[in-house]
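Chains A and B, in that order, give the protein sequences. Letter 121 of the first sequence, counting from 1, is numbered 121 in this note's numbering, and no numbers are missing. Letter 155 of the second sequence, counting from 1, is numbered 155 in this note's numbering, and no numbers are missing.
These aren't lab readings, by the way, just hints derived from the structure by calculation. There are no misleading hints in this set.
Just so you know, same-sequence chains aren't split out, so a pair can sit in one copy or run between any two.
Straight line, CA to CA, 25 Å or less: simulated SDA-like cross-link-like pairs of lysine to any residue:
#: 1; residue 1: Lys384; residue 2: Ala181
#: 2; residue 1: Lys328; residue 2: Trp117
#: 3; residue 1: Lys363; residue 2: Ser383
#: 4; residue 1: Lys28; residue 2: Thr89
#: 5; residue 1: Lys410; residue 2: Met141
#: 6; residue 1: Lys28; residue 2: Glu59
Please read all numbers here as calculations on a predicted model, not as lab measurements.
Protein chains: 2
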Amino acid sequence: MKKEENFSEWYNEIVEKANLTDKRYPVKGMNVWTGYGWKIMLLIDSFIRKEFDATGHDEVCFPLLVPETEFKKEKDHIKGFDAEVYWVTHAGVNPLDVRLLLRPTSETAMYPIFSLWVRSHTDLPLKTYQIVNTFRYETKMTRAFIRVREIHFFESHTCHVDEEDAQRQVEEDFAILEKLAERLCVPYLLLKRTDWDKFPGAYYTVGVDTTLPDGRSLQLGSIHHYRENFSRPFEIKYEDPAGEMRYAHQTTFGMSERLVGAVVGVHGDDKGLILPPDIAPFQIVIIPILAKGKVEEVEREARALRDELVREGIRTKLDERDERPGSKFYDWEIKGVPLRLEIGSRDIKQGVVTYARRDSLEKGTVPRTSVAGEVRSLLASISKDIFEKAKAYFRNSIADVESLDNLPRKIIRFGWCGSEECGHRFEELTELKLLGTPYPAEEFSGKCVVCGKETSQVAYGARAM
Amino acid sequence: MKKEENFSEWYNEIVEKANLTDKRYPVKGMNVWTGYGWKIMLLIDSFIRKEFDATGHDEVCFPLLVPETEFKKEKDHIKGFDAEVYWVTHAGVNPLDVRLLLRPTSETAMYPIFSLWVRSHTDLPLKTYQIVNTFRYETKMTRAFIRVREIHFFESHTCHVDEEDAQRQVEEDFAILEKLAERLCVPYLLLKRTDWDKFPGAYYTVGVDTTLPDGRSLQLGSIHHYRENFSRPFEIKYEDPAGEMRYAHQTTFGMSERLVGAVVGVHGDDKGLILPPDIAPFQIVIIPILAKGKVEEVEREARALRDELVREGIRTKLDERDERPGSKFYDWEIKGVPLRLEIGSRDIKQGVVTYARRDSLEKGTVPRTSVAGEVRSLLASISKDIFEKAKAYFRNSIADVESLDNLPRKIIRFGWCGSEECGHRFEELTELKLLGTPYPAEEFSGKCVVCGKETSQVAYGARAM
Numbered sequence: 001m002k003k004e005e006n007f008s009e010w011y012n013e014i015v016e017k018a019n020l021t022d023k024r025y026p027v028k029g030m031n032v033w034t035g036y037g038w039k040i041m042l043l044i045d046s047f048i049r050k051e052f053d054a055t056g057h058d059e060v061c062f063p064l065l066v067p068e069t070e071f072k073k074e075k076d077h078i079k080g081f082d083a084e085v086y087w088v089t090h091a092g093v094n095p096l097d098v099r100l101l102l103r104p105t106s107e108t109a110m111y112p113i114f115s116l117w118v119r120s121h122t123d124l125p126l127k128t129y130q131i132v133n134t135f136r137y138e139t140k141m142t143r144a145f146i147r148v149r150e151i152h153f154f155e156s157h158t159c160h161v162d163e164e165d166a167q168r169q170v171e172e173d174f175a176i177l178e179k180l181a182e183r184l185c186v187p188y189l190l191l192k193r194t195d196w197d198k199f200p201g202a203y204y205t206v207g208v209d210t211t212l213p214d215g216r217s218l219q220l221g222s223i224h225h226y227r228e229n230f231s232r233p234f235e236i237k238y239e240d241p242a243g244e245m246r247y248a249h250q251t252t253f254g255m256s257e258r259l260v261g262a263v264v265g266v267h268g269d270d271k272g273l274i275l276p277p278d279i280a281p282f283q284i285v286i287i288p289i290l291a292k293g294k295v296e297e298v299e300r301e302a303r304a305l306r307d308e309l310v311r312e313g314i315r316t317k318l319d320e321r322d323e324r325p326g327s328k329f330y331d332w333e334i335k336g337v338p339l340r341l342e343i344g345s346r347d348i349k350q351g352v353v354t355y356a357r358r359d360s361l362e363k364g365t366v367p368r369t370s371v372a373g374e375v376r377s378l379l380a381s382i383s384k385d386i387f388e389k390a391k392a393y394f395r396n397s398i399a400d401v402e403s404l405d406n407l408p409r410k411i412i413r414f415g416w417c418g419s420e421e422c423g424h425r426f427e428e429l430t431e432l433k434l435l436g437t438p439y440p441a442e443e444f445s446g447k448c449v450v451c452g453k454e455t456s457q458v459a460y461g462a463r464a465m
Numbered sequence: 001m002k003k004e005e006n007f008s009e010w011y012n013e014i015v016e017k018a019n020l021t022d023k024r025y026p027v028k029g030m031n032v033w034t035g036y037g038w039k040i041m042l043l044i045d046s047f048i049r050k051e052f053d054a055t056g057h058d059e060v061c062f063p064l065l066v067p068e069t070e071f072k073k074e075k076d077h078i079k080g081f082d083a084e085v086y087w088v089t090h091a092g093v094n095p096l097d098v099r100l101l102l103r104p105t106s107e108t109a110m111y112p113i114f115s116l117w118v119r120s121h122t123d124l125p126l127k128t129y130q131i132v133n134t135f136r137y138e139t140k141m142t143r144a145f146i147r148v149r150e151i152h153f154f155e156s157h158t159c160h161v162d163e164e165d166a167q168r169q170v171e172e173d174f175a176i177l178e179k180l181a182e183r184l185c186v187p188y189l190l191l192k193r194t195d196w197d198k199f200p201g202a203y204y205t206v207g208v209d210t211t212l213p214d215g216r217s218l219q220l221g222s223i224h225h226y227r228e229n230f231s232r233p234f235e236i237k238y239e240d241p242a243g244e245m246r247y248a249h250q251t252t253f254g255m256s257e258r259l260v261g262a263v264v265g266v267h268g269d270d271k272g273l274i275l276p277p278d279i280a281p282f283q284i285v286i287i288p289i290l291a292k293g294k295v296e297e298v299e300r301e302a303r304a305l306r307d308e309l310v311r312e313g314i315r316t317k318l319d320e321r322d323e324r325p326g327s328k329f330y331d332w333e334i335k336g337v338p339l340r341l342e343i344g345s346r347d348i349k350q351g352v353v354t355y356a357r358r359d360s361l362e363k364g365t366v367p368r369t370s371v372a373g374e375v376r377s378l379l380a381s382i383s384k385d386i387f388e389k390a391k392a393y394f395r396n397s398i399a400d401v402e403s404l405d406n407l408p409r410k411i412i413r414f415g416w417c418g419s420e421e422c423g424h425r426f427e428e429l430t431e432l433k434l435l436g437t438p439y440p441a442e443e444f445s446g447k448c449v450v451c452g453k454e455t456s457q458v459a460y461g462a463r464a465m
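Sequences are here, hints too, so could you generate the full structure?
Here it is as structure tokens:
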């Protein structure tokens, strides 16, 4: 498993060996969440709930199935998804009068109801989110968590009195994103997508991209400002204080199980996963080191240690399987448990516990009497260190270029005049995706890498994963 | 809203007025979970997770879509669901090679994978559960939470070395059920379903039934022992310690959003919902009683009280809307908040907080200095009292009968010889459903209410909701 040599193979092997998912389900691109993988996802969901609840969003849950009639209301939207949706055409043996589609995202499920919920300016802002399964018939090669056909997804949907208030929501979404990314220790770029690549129906789209080895970018999610593009066809109107009827301005923010894929890809190494402590199903694994004549004592101490850490609210696994310690070390390294504790009769005699960090592989001892506090600060320092390491890698994955010759295998940053023509030409010449322009804009002065015109706009391009 | 006069109308009105759901979604039987309703469901889900995790079940998540080929493997199963499943036939504009159905329940999604997971007796027991959306094309009249077409659902699936170990799992499920029901303060009967009514493919099915006004029963969930009925067609086999290949024995346990319907139906009264404190989104609502010249002081005190209760981990809402207190009382009574606190300048002067219990409508005061402890014990006593009240109502909803003439509008308990003929005859004559026989069996000696033969078996019948 060589991450830097063949990232794609490494990734596929690691998600399987760590048992995050089972890809043998008999529908392509629809994978089984194993207990271990699902627990990571649920921990991520719990942070999503925390941030959205704290910013006054209501968690709701809308139906999965959308009538074709509603789906067709926003023209760009249906064009964007037409080739990608699954259609329910029959119930039992009878054909349905109106075909139903499996939501690829929930605009067309939610907005007919939003038009009933929003009546007056006092109903605004309306801030909602949901955590659901969505469906896209991906035609590209599928990949666990990164490109699947049933997608675990959160999506927030908001309605506002005007464009400015919707813009404030976009800024709040950036703040929420920053907190989530900190839990995952994953750095990212905010890039305003090009007009030909924005979400179908959006006024503008900001993509959230991280970097993977080999110059690849991975879109983690996106934040959209819709202006009145959906509120007009779906008639989401309110009466303003002067008694005038106005259309609401809307935003959405969505991220998916790709977050799990990003955690795997950003932090993992040739030994396996490295999980950020906040989302590790087990933050600690305890391995008893049994020696003849001391078995019972060590087992008793290991259990006492486990019980103490669990009481302290630290997610702890005691591995009592009948295996050699070395083989246990190997298993939990693949699974990315941030911190391993070993306890043997020598540790007991010396009043210490031995630890090994998964990220740096560094080993040491901590006093048994203050173990909970010590473990907590080790976990905090693991979070900090893997985030710093990821940020350094991230910075080093981005290269400024002034011409399209001899491009490095990195995410490239270059001058772009902003014309659609040069944008398309860039994509043809490089076979990279034009990811967009920084949001907010970065200061720049230079030349368009395609046409050579002076420009103050910089853009990013990459091989998108 | 008269619950005892017309339960059905009362129910429909109350779920709407309490804003638990929005039934205006443009697909019949697929309703929108509002923030308030969904929060109740999520609290119930959190208790489900707690109990299943504590008994060593792994939470997993399997795909929604099941290939027709897998679905057809167990013959009784497909017969049972044939008229009820939704079919996905197209992706984009292309017809699928193999049609996919939306899971009505997940046996046929999970068991092809279980056959890969289960290899040896050391892999057993395999204990899993998931909390997902499922789909049934109901042809009967739909009703919020009780009969819907997209169903929020938990289902546990287990594999065991033999029938006895599977039976032990069934007993464990009963213990889990008891703890869940205690949170909801909902009493229930365990009834072994008749052979013609058991789950398609099951060896036996135990239904979990509660009572609603007007002699109706409501099935809350069911627990199934499958023996080898699914493991044979799906080839879930293991090598026993002697090296022999054996089929696993399986069980499932499932309950749905009907639990929310049961809470509404069992506890509510003519003023609205009464929510059990464990699952109330807000356990406490604080209403400031503002009087001229004292507004700021009262508002300050009300916020301090809210902050203190929130710090104590009590789910608390401070209602600062610009409305009369009476109108606020009315709103929160409909929504079933278990305990209302009022705070006005007289309360402040006297160093007390006024409370009103939603269940008994009893009012009183508690000292401000010990408010958190007092509130906690009031909530505990509300849980206890509504459970006792529900149990008394439940007992009184069941009547022993010795003939089928002049049946009371209750759940009836009667002698049954156990023959299928008498069972069907009972259902024809009474237009009731034969719910089954108590599990475990109740002592009885009497005559079959249909054929008059002596029998030691008792059965229950009711108008099923």
